[in-house]
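Trainee: Now for the letters of each chain:
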Amino acid sequence: MPQLTNLNDLVLWLEEATQNGSVKWTPEEEDTDSFSAAFDSGTVRISRIIVGSTYLLEMLDLQGRTIASVESSRQVVENANDHVTYSLLERLHRCARNQALGAEDKMGALLEEIRRRAGERQT
Amino acid sequence: MSRWKLIWLLILLLAVGGWAAGFWLAYLHRNNSEWANYAGIAGLCLAIIGFPFTIYSLFETQRAGREAQRQAAEAAREAKAAVEQSRADTKQALEKVALMLLAGDLERLQTAVNAVLDFGDHAIWPRALLHCREAGALAAALRVNPLLRENERTMLAQGAEALAIAQTYITDNRINKNTTRRGLYRTHAKNLQSLAMSLTVVRARLSAISLEAPHAPVN
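In order, the protein sequence lines correspond to chains Y and E.
With the first sequence counted from 1, adding 424 to any position gets you the numbering used here.
With the second sequence counted from 1, adding 6 to any position gets you the numbering used here.
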């Protein structure tokens with residue numbers, strides 16, 4: 425299976441597109457740490473494997489076949505000293521997760537409510 | 007009676023006999039003869055010759071005492087070393103038993119993890135859940151085992167977490183939905199496969215350790 429060569433660019437583009445809302449990440453299935461973004465020409469999927477703290481980025485064609493992938497784990501970081509790939513994938517996973525679960529909005533609303541209730545108590 | 011004892015007894019008897027004869031002669035001629043003077047001179051000579059022998063025998067006794075003391079100390083040291091060696095052997099034997107028990111538990115865990123995957127592949131979800139629970143409990147218990155390395159304990163802790171999530175997943179998305187869908191979801195399956203592979207590596211390491219030659223003797 426071909427490996428992604430320009431991972432740095434890909435992650436930066438995906439992050440940028442996620443932040444401006446042109447890419448939508450969706451959870452793959454309940455109780456999984458896997459998120460995918462659909463495009464006209466295929467799908468990008470980022471997953472976290474708990475055992476080994478592994479991140480896996482895959483590019484899939486329209487039929488759902490994996491056409492390229494890259495993965496990195498803590499073990500690889502320790503053995504090959506490749507921090508870059510691991511931190512890029514970790515960052516992308518966090519970004520996708522935040523958007524897919526609406527974590528920032530939900531947390532913001534929660535914090536706002538807590539602040540409001542604390543203010544009510546003081547007055 | 008031994009030969010040497012007999013010789014010493016004869017010498018003692020001759021000495022006592024000689025002393026008695028000399029005393030008898032000196033006593034008979036104590037007022038009117040040169041015999042008394044000879045006897046006095048002979049006694050003095052005997053005392054002069056006997057004194058170094060007495061001192062020598064005292065030294066010899068002391069030396070023998072010191073030698074006996076040294077030998078006793080040496081024997082005590084050897085006994086202590088033997089006790090230490092025996093203690094080290096016992097400790098090593100116990101460590102090996104602990105390693106074998108750990109390897110057995112890891113094998114059980116690996117079997118349970120593989121069973122989750124196999125039963126999942128055949129969509130027998132109640133069985134898969136049962137094995138998932140067993141594996142989760144085993145992984146949680148084993149993650150604190152001091153015989154494991156730090157990264158192995160981390161792997162088991164991650165495995166316990168993954169198995170707990172997989173249990174919830176099987177209950178909510180397979181059993182409660184009464185589905186005949188085969189296989190765990192990709193991420194869960196990968197988690198369990200990764201755990202099984204890591205367990206193989208740990209078991210191989212433990213097996214290699216238990217086959218190693220015993221430690222060098224304690225000095």
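Please keep in mind that the hints were generated in silico from the structure rather than gathered at the bench.
Honestly, I wouldn't trust all of these hints.
Partial list, derived from the structure: chain Y residues whose beta carbon lies under 10 Å from chain E [claimed, not checked]:
(1) Glu-439
(2) Thr-442
(3) Lys-448
(4) Glu-452
(5) Thr-456
(6) Asp-457
(7) Ala-462
(8) Ile-473
(9) Thr-478
(10) Ser-497
(11) Gln-499
In the BS3-like style, the derived pairs of lysine-lysine whose C-alpha atoms are separated by at most 30 Å in a straight line are [to be verified]:
(12) E:Lys-196 - E:Lys-183
(13) E:Lys-97 - Y:Lys-530
(14) E:Lys-97 - E:Lys-86
(15) E:Lys-102 - E:Lys-86
(16) E:Lys-196 - Y:Lys-448
(17) Y:Lys-448 - E:Lys-86
(18) Y:Lys-530 - Y:Lys-448
Please read these numbers as outputs of a predicted model, since none were measured by experiment.
Ideal Cβ placement from N, Cα and C applies to all residues, glycine included.
Trainee: Each hint: holds or not?
Mentor: Right, here's what the structure says about each hint:
For Y:Glu-439, the interface hint is violated, the least distance from its beta-carbon to any beta-carbon of chain E being 22 Å, above 10 Å. For Y:Thr-442, the shortest C-beta to C-beta distance to chain E is roughly 20 Å, which exceeds 10 Å, and the interface hint is violated. The interface hint given for Y:Lys-448 is violated, since its Cβ lies 20 Å from the closest Cβ of chain E, which is over the 10 Å cut-off. This hint holds: Y:Glu-452 has a C-beta 7 Å from the nearest C-beta of chain E, less than the 10 Å allowed.
Taken as an interface hint, Y:Thr-456 checks out: its beta carbon lies about 4 Å from the nearest beta carbon of chain E, inside 10 Å. Annotation: interface hint on Y:Asp-457 holds; nearest CB of chain E at approximately 6 Å, less than 10 Å. With a cut of 10 Å, the hint placing Y:Ala-462 at the interface with chain E is violated, because the nearest CB-to-CB distance is about 17 Å. At about 5 Å, the closest approach between the beta carbon of Y:Ile-473 and any beta carbon in chain E falls short of 10 Å, and the interface hint on this residue holds.
The closest approach between the C-beta of Y:Thr-478 and any C-beta of chain E is roughly 7 Å, which is under the 10 Å cut-off, so the hint is satisfied. Evaluation of the Y:Ser-497 hint against chain E yields a held restraint, the C-beta minimum of about 9 Å falling below 10 Å. With its C-beta approaching chain E no nearer than about 8 Å, Y:Gln-499 sits inside the 10 Å limit, and its interface hint holds. A threshold of 30 Å between alpha carbons decides the hint, and for E:Lys-196 with E:Lys-183 the separation of about 22 Å falls inside it, so the pair holds.
Between E:Lys-97 and Y:Lys-530, the direct Cα distance comes to roughly 57 Å. Violation of the 30 Å bound is thereby established for this hinted pair. With a CA separation close to 16 Å, the supplied pair E:Lys-97 and E:Lys-86 stays within the 30 Å bound. Of the pairs offered as hints, the one joining E:Lys-102 and E:Lys-86 holds, with about 24 Å between alpha carbons and a cut-off of 30 Å not exceeded. With a C-alpha separation of about 25 Å, the suggested pairing of E:Lys-196 with Y:Lys-448 holds against the 30 Å cut-off.
Distance restraint check for Y:Lys-448 and E:Lys-86: the Cα-Cα separation of roughly 75 Å exceeds the 30 Å cut-off, and the hinted pair is therefore not satisfied. With a CA separation close to 17 Å, the supplied pair Y:Lys-530 and Y:Lys-448 stays within the 30 Å bound.
When held up to the earlier numbered hints, the structure conflicts with 1, 2, 3, 7, 13 and 17 and fits the remainder.
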